[in-house]
Amino acid sequence: MEAIRTMHIGGFFNVCDTLPPSTAGWQEVAVERESCDALRETVIESHEQLIDADERNEKEFGRVVEGFRADQQQSKRGHDQP
1 MEAIRTMHIG GFFNVCDTLP PSTAGWQEVA VERESCDALR ETVIESHEQL IDADERNEKE
61 FGRVVEGFRA DQQQSKRGHD QP
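Going by the numbering used here, the first residue of the sequence shown is number 1, and it counts up by one from there.
Think of the hints as simulated: they come from the structure by calculation, not from any bench.
For every residue, glycine included, the Cβ atom is placed at its ideal position computed from N, Cα and C.
Some hints here could point you the wrong way.
[Unchecked claim] Label pairs and their calculated CB-CB ranges:
1) A24 / Q72: 20 to 30 Å
2) A3 / L39: 31 to 41 Å
3) T18 / D54: 26 to 36 Å
4) F13 / E48: 16 to 26 Å
5) I4 / E48: 28 to 38 Å
6) D71 / R33: 12 to 22 Å
Sequences are here, hints too, so could you generate the full structure?
Here's what the structure looks like:
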């Protein structure tokens, strides 16, 4: 809950102390590994969404976006090399 408060996104969630028991049971979800480029883009987009959710997040998450964007540009330059 502290992370939700820190990210100023508590208004997006209905948080409760207990959950009713699951009647459907657990089911394994298959996960495909993403490429570094796809994962990097996911991290950038998710942090941009946190910033869009509340402008107070810019100070903390803006640096994450900047760092991953810089890494993305460096990676693209490396791929363009012969």
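A quick look at each hint next to the structure:
Remark: the range hint 20 to 30 Å for A24 to Q72 is contradicted by a beta-carbon distance near 39 Å. At about 20 Å, the beta-carbon gap between A3 and L39 misses the expected band of 31 to 41 Å. Between T18 and D54 the CB atoms are about 27 Å apart, so this pair conforms to the stated range of 26 to 36 Å. Restraint check, F13 to E48: a C-beta distance of roughly 19 Å satisfies the suggested window 16 to 26 Å.
Here the CB-CB span from I4 to E48 is close to 18 Å, at odds with the stated 28 to 38 Å. At about 19 Å, the CB distance of D71 to R33 agrees with the hint of 12 to 22 Å.
Violated hints, in rising order: 1, 2, 5; the structure is consistent with all others.
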